[in-house]
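Engineer: Chains as they are written, first to last, in my numbering: chain A, 1 to 164; chain B, 1 to 164; chain C, 1 to 164; chain D, 1 to 164.
Treat the hints as calculated values from the structure; they're not laboratory data. Worth double-checking, as some hints may not be accurate.
Pairs count within a copy or across copies, as identical chains cannot be separated in the list.
[As the list claims (entries may be wrong)] Result set (SDA-like, lysine to any residue): computed pairs, CA atoms no more than 25 angstroms apart in a straight line:
no. : residue 1 : residue 2
1   : Lys156    : Val109
2   : Lys34     : Val109
3   : Lys156    : Gln22
4   : Lys159    : Met1
5   : Lys95     : Asp43
6   : Lys52     : Asn29
7   : Lys101    : Asp147
8   : Lys163    : Ile133
9   : Lys163    : Asn135
10  : Lys134    : Lys150
As a plain string of letters, each chain reads:
There are 4 protein chains.
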Amino acid sequence: MNVTIINTGGTFNKRYNPIKGQLEVPIDNIALDKIIASCHNVDFEIKNIVSKDSLDMDDNDRQIITDVVNQTSNDKIIIIHGTDTVDLTSAFLRKEVTNKKIVFTGAMVPMSIDEAEATMNFSQALGFLSADIKNGIYLAMHGVVVDASKLVKNRKEGKFVIKD
Amino acid sequence: MNVTIINTGGTFNKRYNPIKGQLEVPIDNIALDKIIASCHNVDFEIKNIVSKDSLDMDDNDRQIITDVVNQTSNDKIIIIHGTDTVDLTSAFLRKEVTNKKIVFTGAMVPMSIDEAEATMNFSQALGFLSADIKNGIYLAMHGVVVDASKLVKNRKEGKFVIKD
Amino acid sequence: MNVTIINTGGTFNKRYNPIKGQLEVPIDNIALDKIIASCHNVDFEIKNIVSKDSLDMDDNDRQIITDVVNQTSNDKIIIIHGTDTVDLTSAFLRKEVTNKKIVFTGAMVPMSIDEAEATMNFSQALGFLSADIKNGIYLAMHGVVVDASKLVKNRKEGKFVIKD
Amino acid sequence: MNVTIINTGGTFNKRYNPIKGQLEVPIDNIALDKIIASCHNVDFEIKNIVSKDSLDMDDNDRQIITDVVNQTSNDKIIIIHGTDTVDLTSAFLRKEVTNKKIVFTGAMVPMSIDEAEATMNFSQALGFLSADIKNGIYLAMHGVVVDASKLVKNRKEGKFVIKD
């Protein structure tokens, strides 16, 4: 299986900087590399772009992500993204890209703090791409992979839940 | 989404017993519970049976697993199984069950030692079940979910790889 | 051995709050409890007070800590404290308390993110108290336990180093 | 502070070999290196010898350890050792070495499985050596550092406890 991963930052990637005393979005793929270390049957193409907390993203960033998607020859793409504006970026891409299977994912807790949640969300995206699915814009969070417009962040509870 | 998990033991579940000084297959779901803690959109039915290293399983155990599968009303089932004889158990079930989507999974390293690999394998199974797949006997290991007969353990390298 | 632990907060205790998206100083002892779980030969008295990032501490807080120290019948005391003002609090206590063996400790990275550093610093304090030491105000950080005035934070490098 | 660490193996160091499906005593210092990564104020000399489960050690191994101790110019020495025969090795060294401060330590659970216990035991040894102690043969386990003859393994409970 060939899969392109576009890592745009977000909580998923955050690591603690002991000198500044705070969590930062790094510009590397250390969190991702640990998750995919066991994926002996996938050829990954990994692109690290934007590297922002998604609260700091704007439509310029979304255009950059869209351009990278369009330059990718693989039709199976996972986009790692902050949880706060993943709804905006997925809606942006839906208007621009129709010939790919794009699965957004992310985490409520950094991989560097809780390996289970970040690995769950990412690996669900990968498992979903193993199936014979239609082109579309999907979101893999908290147990399910569905059309990205149907799974939304409940900010009060810190959970993604399927819209009624 | 409704999913039945049948936890039969194997390396996936092993924990260290400091008094005996060795790893043991427990009869609980502690490893699994940590993985699914973030799955807010799935109703799980969890059945813990057999609880063996898969080298110690025989056709009696495989019949027990088959019976539990047949008693399950859900058609989406994940079976956590040791890696050494998952080929035998999946072949056994293939002859007995045709009306379910059954995904076997497991781990080369216990969840208690490496959270990433066990969580990857299990979560791929769950992500695959989010797609509109056909009834069948599948195996989720090391990056892909495919028909269980096509993904085999390379004992020398400690990896599951797709058969040519 | 009888030891009183006064847990005043600081990075040592910080945990990630996924709803707020940031690290917080909790008012519990979860980090500490994990560290001392194996200490079968110590009777601990644990007091959780102040619960602040040490940048937010003032002399009122230092007086509260001093009062709790003076109310303690044990003469062996470990104080968990943020690293940014541990020099001020240890200097404050030096003027007020002379009849105890007080060892300050803390961490540059939260126990919830890196178990090794926080456990190292705390456990050095405990090992030092196992020896026949004089009353005094000590600091256990980054490999050594010495008089608190001699081990200072290098903010640029994020390390405590012995003063020349 | 100058400290020599003699790493002789034991549970402390064990890591899981996924190909063999069991825990092994490695001939490296990966467990130790993670523990001492924050010790910016200590010059360590590390010697990795014997590399055995202590149940497999005999007096030949004990003589090798004694010889290495005698060749060491540092008088502060930590010996990482399996818990099952640490009583025999410490008694052996007591007869042979009288001019050093030797602290034995180890773990009931491998560092690769539980970072807190192994780090606690080792770091207590290091904190004890920060104090002005007499030459002797000590054992750092489960909360205290005392003369090695006074702290014994309760095999039934999997704990080291001070002898009455």
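Engineer: At most 25 angstroms between C-alpha atoms: does lysine 163 with asparagine 135 qualify within a copy, between copies, both, or neither?
Structural biologist: Result: close within a single copy only, 21 angstroms intra versus 27 angstroms inter.
Engineer: Go through the copies and call it for lysine 52 and asparagine 29: within, between, both or neither, with a Cα cutoff of 25 angstroms.
Structural biologist: The answer is within: 13 angstroms in one copy meets 25 angstroms, while 33 angstroms across copies does not.
Engineer: When no copy is specified for lysine 95 and aspartate 43, does a C-alpha distance of 25 angstroms or less occur within a copy, between copies, both, or neither?
Structural biologist: neither (28 angstroms within a copy, 33 angstroms between copies)
Engineer: Have a look at lysine 101 and aspartate 147 and pick one of within, between, both or neither, based on CA distance no larger than 25 angstroms.
Structural biologist: Classified as both; 11 angstroms inside a copy, 21 angstroms across copies.
Engineer: Is it within, between, both or neither when you check lysine 163 against isoleucine 133 at 25 angstroms Cα-Cα?
Structural biologist: For lysine 163 and isoleucine 133, both the intra-copy (21 angstroms) and inter-copy (23 angstroms) Cα distances are at most 25 angstroms.
Engineer: Are the CA atoms of lysine 34 and valine 109 at most 25 angstroms apart within a copy, between copies, both, or neither?
Structural biologist: Intra 16 angstroms, inter 14 angstroms, cutoff 25 angstroms: intra and inter.
Engineer: Should lysine 156 paired with valine 109 be assigned to within, between, both, or neither, using CA atoms and 25 angstroms as the limit?
Structural biologist: within (15 angstroms within a copy, 28 angstroms between copies)
Engineer: How would you label the pair lysine 159, methionine 1 (within, between, both, or neither) given a Cα cut-off of 25 angstroms?
Structural biologist: between (30 angstroms within a copy, 16 angstroms between copies)
Engineer: Could you figure out if lysine 134 and lysine 150 sit no more than 25 angstroms apart (CA to CA) within one copy, between two copies, both or neither?
Structural biologist: both (16 angstroms within a copy, 23 angstroms between copies)
Engineer: When no copy is specified for lysine 156 and glutamine 22, does a C-alpha distance of 25 angstroms or less occur within a copy, between copies, both, or neither?
Structural biologist: both (23 angstroms within a copy, 14 angstroms between copies)
In this structure, only the earlier hint numbered 5 is contradicted, and the remaining ones agree with it.
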